[in-house]
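Participant: The residues making up each chain are set out below.
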Amino acid sequence: MTRGGEPLLEVSGLCVDYGFDDDAVHAVIGADMTLHRGEVFGLAGESGSGKSTLAYAISRLLRAPGVITGGEVIFRHEGNTVNLLNAGPTQLRELRWNQLAVVLQSAMHALNPVLTIGTQLTDVLQAHRPELERQARRARASELLEMVGIAPDRLASFPHELSGGMRQRVMIAMALALRPQLLIMDEPTTALDVVTQREILNELMDLRTEFGFAVLFITHDLSLLIEIADTIAVMYAGRIVESAPAGELYLAPRHPYAYGLLHSFPGLHGARQRMTGIAGSPPDLRQLPTGCVFHPRCGYVMDRCLRDEPPLARPAAEPPGADGRLVACWLHEAGASAPAELAALAPALESTS
Amino acid sequence: MLQFPKSGKIRLGLGMALVFTLLAIIGPWLAPFDPNKSLTTTNGVPQPPSGAHLLGTTQVQQDVLSQLLVGGRSTILVALIAGVVATVLAVGFGITAGYYGGWLDDLLSMLANIFLVMPALPLLIVIFGFLNKTANPPDVLIGLVISITGWAFGARVLRAQTLSMRSRDYVTSARIIGERGWRIMMFEILPNLVPIVATSFLFTVIYGVGAYTALSFLGVISVSHWSWGTMLYWAQSAQAAQQVHIQWWWFLPPGLAVGLFGTALALLNFGIDEFINPRLRAAGLTRRRARQAGLPRRAQLGLTPVVGQHVVGQHVVGKQLNRESA
Amino acid sequence: MTAPAGLDATVSESPLLEARGLTKHFPVRGARNGRRGGIVHAVDDVSLVVPSAGITAIVGESGSGKSTLARMLARLIKPTSGELLLDGQASTAALGGARREYARAVQLVLQDPFSSLNPVHDVRYHLARPLKVHKLASGSLDEAIDGLLGRVSLTPAANFTGKYPHELSGGQRQRVAIARALAVAPRLLLADEPVSMLDVSIRLGVLNLLADLREKDGLAIVYVTHDIASARYLADVVAVMYAGRVVEIGPAAAVTSEPAHPYTELLLSAAPDPGRARSVPARARTAPPNLVTPPPGCRFHPRCPHAMRVCTSGVPEMTQISPGHHSACWLHVNGLDTQQRTPLVSKPGKEA
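Chains as they are written, first to last, in the numbering used here: chain A, 1 to 353; chain C, 1 to 326; chain W, 1 to 352.
Calculated from the structure, these hints are not laboratory results. Ideal Cβ positions, reconstructed from N, Cα and C, are used throughout, including at glycine. Possibly wrong hints are sitting among the right ones.
As the list claims (entries may be wrong) - Have a look at the derived ranges for each label pair, beta carbon to beta carbon:
1) C:K9 to A:D308: 54 to 60 Å
2) A:D303 to W:E101: 55 to 61 Å
3) C:S164 to W:P343: 48 to 54 Å
4) A:D153 to W:K163: 35 to 41 Å
5) W:P27 to A:Q126: 39 to 45 Å
6) C:G101 to W:S257: 45 to 51 Å
7) C:G210 to A:D22: 42 to 48 Å
8) C:G210 to W:E83: 55 to 61 Å
9) C:K9 to A:D303: 36 to 42 Å
10) A:A151 to W:E83: 43 to 49 Å
11) W:P343 to C:R166: 48 to 54 Å
12) C:L163 to A:D303: 56 to 62 Å
13) A:H109 to W:S257: 54 to 60 Å
14) A:D123 to C:K9: 24 to 30 Å
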């Protein structure tokens, strides 16, 4: 885990709505997160959690009727500091793909079916590196394909001639073409089978180790994130409810939703016993409850939870020195006592990468 | 699910269609004169609109307004019958062909293709040529004959839709439960196709108006049977035969009536489109309110608009709280 | 035809549904790669025994043929060859009354909760139809419907009968689909990836519902999935499919903790597992096989780290590892000579 000095990306108080006035649906509310160089940051949540919205809003790629209604997104690269929300089209164009690349959810279908892979890769290079000549561009495109484990003779293939896994690899190659600092990936392996998913993620982690870029990985599969992410933020109904290092989140979750979510994945080891998951249904963003949005489904609900919404803050009972742990729950306020399963001590963890 | 449409153009279309329907029903009773009757003996010159004749007269002093109202019923009735019959045929053939596939589909598709390829107007002229020999064909019969040439297009569209719907999970589920084929077509597939059937119906009615008007104008259909097309026929032949310069009040009202009726139906079709695709529904309204909120007129891809930036803090969360609890 | 494999003699009664040598080949449409008349070997020679109680899971990735197999078991599609025996009787009727009889015994729940219910009909209609088609609502139709909704924990029933599918959540829709399948009181419920499209936090609710149906109503369930972890959680017997064939079958605990077939090992190591001590090393990169021209012999051999020469020559039969646990792999076959056991040179190379 390479935690550099200054954070690469700092999101503070980001608010995103769909629509406006009274019809507005608050998709993301007050999101705070910090990403460091070379870090794998996982964003976990279910439908309606706002995780994809958050990722696209950061890069200003959100489509209408999405509107950003507040907050800051500070991106630091090569000594420059940019607030992405203030940036104009030219600035964004400079940043995009050079420093910040995105692999979309249906990336396998994002390839133009009538152009060869080679053309699409060299297109990217042509747009951002005009000084490269055609020979050089082709060479670089071959290099990129080899980097993700595809034979360079595939440059002449069309997307439909490649399998789903290979197309996803091509998308990753395209995203890494200009050596960005940050790679945002939205459910990149959900549509692939488990074995291909494992292969691609292993390759991605190898590339990350080699080139040192940071990854913002968005998925609903929390069990996968625990294996590959350094830090995980769990989202619910547009809010980040817990943020912690991956190992600590797995062994010692603090928020009832995170706890419930972790216990919704049947394991491959241990005794086969009944699990309960989380009661209730995912939230309807147009009719959210007052107070803490999770309270209708929470097994530890208190009176205060129905009135006030808890802020994302450091748990009071956390030992000093343990940083990076944030929870939005009244159980962890100073003076409140959390049940044992939500107050477990996280054992000292070694880096697993 | 059904609500009064907000869009201006749909309201207009609905209003116009209602007016026409009303006129079709009560028109002939409203007509001040008998359209056939020549009223004065002023020789050979159409009279301009006046107090007695709101739309003037033809060159043999028949009241144009009365002709318009009486002819209106015939035109609209024929068009509606053509629309209904053609739609029933399209639904029957199209959905059956799409659902069963195989040889039945091949047969019905071939039939539809034959009717599509045949030139409609010449065929109708030939058929009416036979019919006219006998007597003045009634409106219903005219409508039926026109529908023969109007069903094939709708059948193809419905067949294509049914083909795509066949593989939907709810159709598969119905088969698993053991539902019979005709029940699946009538109650599982057809209700999902209602918007398309409605569009097809309106389209065929417009076609019916056009076909009937054209046939009457050509004199193929008995010229003593009043319709908007017949009015145009007489107007045209008066100019040709008697070299009388026809005045606007004679040919403009029927032509305008046909045009406005078609427009009303087209506007209704827009309404159905918006009903199917709710995103179109508020499109116009959304743009206006967007500008009020300070957003750019057109959303640019890759440049998500930012309205309002606050300094970080609990305030943001608190602000949202207030908005939600309000 | 291979002998059927399933729960062994521990089950005293005769099996509910038995598949013998089920095969399904689809013609290839269009001239892809200039090839005409190619066939997709979706399912090849699958023999399976479904006991009259308990949950059998069929685990496989996309392209393994599991969904096609489920649809053949539901008699939605006709097998190219092979037979299906319900209660020991071959069932071949394709139309009319006999088909409806089969529908009363075997029902299927589909994957996508957003399209398995007709958007123009409300919940009441969906539940009333199977009752009416099979003339099962002798008493009050409403009572029967309320009862069904109660069985899938959609209570109070009055809240749900008038709702349309778009007013329900994914989990609720899936429960309605299950209730509809239960309406005819089937003896076997086939569930094709019933929770894959649901949110994680509500998957367990639906899986637990299936487990309850097994416990309380003694329903036999076949659970088709790509997620081996949920198969381990829910099922009594797990069958693993690869490229149209069943490669391993046995008790859930045995198959998932001591897998006998190399593909099952691969599947288990690739599945997300936070409890794993250290991360898994990258394996050789290869893709699932092309079903139009599958590899000769054992279809897994191009990806298998233990591939031997005999693996290219013939399809291995189901061999018993332990009572009730069978695997179709040459590794477990005795009596092979050294020539046959020569390992194939494995190429951990690039993807073809």
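Participant: Hints numbered earlier in the text: which of these fail when held up against the supplied structure?
Facilitator: 1, 4, 9, 13, 14
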